[in-house]
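Put chain B on the given structure of chain A with help from the hints.
Number of protein chains: 2
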Amino acid sequence: MKRLYIICFVLVVGLNVHADERNSGSLLENHQAVHVGIVVADLEAAIDAWSKLLGIETPPGIVVGEGHGDNPTHYRGNPSEAKVRLAFFNLENIQIELLSPLGEEPNHWAEFLAKHGDGVHHLAFRVQGIGEVYLDELADRGISLAQKGGWDGGEYIYLDTVDSLGVTLELLERYEQK
Amino acid sequence: MKRLYIICFVLVVGLNVHADERNSGSLLENHQAVHVGIVVADLEAAIDAWSKLLGIETPPGIVVGEGHGDNPTHYRGNPSEAKVRLAFFNLENIQIELLSPLGEEPNHWAEFLAKHGDGVHHLAFRVQGIGEVYLDELADRGISLAQKGGWDGGEYIYLDTVDSLGVTLELLERYEQK
Chain A
1 MKRLYIICFV LVVGLNVHAD ERNSGSLLEN HQAVHVGIVV ADLEAAIDAW
51 SKLLGIETPP GIVVGEGHGD NPTHYRGNPS EAKVRLAFFN LENIQIELLS
101 PLGEEPNHWA EFLAKHGDGV HHLAFRVQGI GEVYLDELAD RGISLAQKGG
151 WDGGEYIYLD TVDSLGVTLE LLERYEQK
Chain B
1 MKRLYIICFV LVVGLNVHAD ERNSGSLLEN HQAVHVGIVV ADLEAAIDAW
51 SKLLGIETPP GIVVGEGHGD NPTHYRGNPS EAKVRLAFFN LENIQIELLS
101 PLGEEPNHWA EFLAKHGDGV HHLAFRVQGI GEVYLDELAD RGISLAQKGG
151 WDGGEYIYLD TVDSLGVTLE LLERYEQK
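As they're listed, the protein sequences go chains A and B. Quick note: the first sequence, position 56, residue 56 per our numbering, numbers continuous. Quick note: the second sequence, position 133, residue 133 per our numbering, numbers continuous.
Isolated chain A, as found in the complex (with noise of 0.2 Å):
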C-alpha cells in the first residue's frame, strides 16, 4: 500500500512538472522550440550548402525516418508507408532537421514540397503525453492533424496551424526510459 502511495505521488509530481506551463493556458509544456525542420528535394545538396554555412568539415550522416509498429504513420486520417530522409545539425541553442520525402506514398513532407518547393515545413516543442492528453487537448481547441507517426522510442503529430500561426507546429515525445 506505501509503494502505491508513493507510485502515485510520482505520477502527481510528474504529471504537474509536465503541466506547468499548460496549467497557465498554453497548449506546450514549455517555450522551448527543439528544431527547425526544413524540407528540401536534394538532400545531399542542402547537407552540403549546410555544412559550408556552418563550417563543418565532416556532414552529417543520413538516416531513414518511416512509421513503427507501435505508431505507424497516418497521414490526414489515412494510413501511410511514408518515407523521409534526415540530417541533423546541432547549432547551439537549436537543431535544423532537414527533411526529404522518399518515395511515393502521400505524406505531409511531399504535399509542401509539391506547394511550395523547398522551405520550413515545421518548428518542434517537445512534450509528454501525446496519446493520453494531447489528442483531446487539440480536440478541443479545434486544431487538427496533419500527420502522426514515431518510432520505437517516440511519436510525434503535425499540426494543421499554418492558417493560425503560419507554420506547421510539430509535438515531439520521446518517451522517457523505463
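There's no promise every hint is true.
[Unchecked claim] Just a few of them, taken from the derived set where beta-carbon distance is under 8 Å, the chain A residues facing chain B:
{"no.": "1", "residue": "Glu21"}
{"no.": "2", "residue": "Leu27"}
{"no.": "3", "residue": "Gly119"}
{"no.": "4", "residue": "Asp163"}
[As the list claims (entries may be wrong)] Derived coverage of chain B by chain A (criterion: at least 3 residues anywhere in the stretch with Cβ under 8 Å from a Cβ of chain A; other residues may be distant):
{"no.": "5", "segment": "105 to 114"}
{"no.": "6", "segment": "161 to 170"}
Just so you know, the hints here were simulated from the structure itself, not pulled from any lab data. Built from N, CA and C at the ideal position, the CB exists for glycine as well.
Just chain B, lined up with the frame of chain A:
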C-alpha cells in the same frame, strides 16, 4: 601613441572574437539562430494564435519597421519605401518574429506572401561588420542579396539561400554602442 596601441589592440582582439567561427570556414560568427521570421497576411490573428499557444495573457505590441536614412531599404538592388508591421514572442531559446508587409512598395515579405501564403520567411543570425566584411564575402561565395535595410541602431540583409539552404538567411547587426 600609447593610446593608439591600446585602440589597435582592442580592435584586433574584438575582430578576432567575431571572426572565430568565420576563420574556421563558417560564413557566420556563431551558430546561434536568434529568431525565426514568419510572414503572415493577418498579423493580429497570428498574434492572437501565438498568444493562445503560449498561454500569454498580454500579447506583444506591434511596431512598424521601415528604412532609415543611413540604411535605406533596397529590394533586389532597387530602393524601396517598404514598410512592415512586426511583433515578437520570446521563447526560451529563440525569438519568433511575426512580419506582415504594409503598403504597396515592393519588398521580400510581400514576394514571399504572394508565392507561398503565410509561412516561415527567414532564419536570423547575429553578425558584426555587414558593410565592411560580409558584402565582399557573400560576393566571393556567390550568394546574392534579396533585400537590405536597417534602423538607427543596426542593419540587416536577407540572402538568396532558399535554393541552397531551404530558407532565406538573415544576417542581423546591432551596432555596438559608442
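Hints, verified against the model:
Given hint, Glu21 of chain A at the interface with chain B, holds; its Cβ is 6 Å from that chain's nearest Cβ, closer than 8 Å. Hint on Leu27 of chain A holds. Least Cβ distance to chain B is approximately 5 Å, under the 8 Å limit. The beta carbon of Gly119 of chain A is positioned within 8 Å of a beta carbon in chain B (closest approach about 6 Å), and the interface hint is therefore held. At about 7 Å, the closest approach between the beta carbon of Asp163 of chain A and any beta carbon in chain B falls short of 8 Å, and the interface hint on this residue holds.
Under the rule that three or more residues need a Cβ within less than 8 Å of chain A, the assignment of the segment 105 to 114 of chain B is violated, with 0 such residues. Coverage of a stretch by a chain is defined here by at least three residues with a beta carbon nearer than 8 Å to that chain's beta carbons; for the segment 161 to 170 of chain B and chain A the count is 8, and the condition holds.
Figure legend: structure checked against the earlier numbered hints; the only hint not met is number 5.
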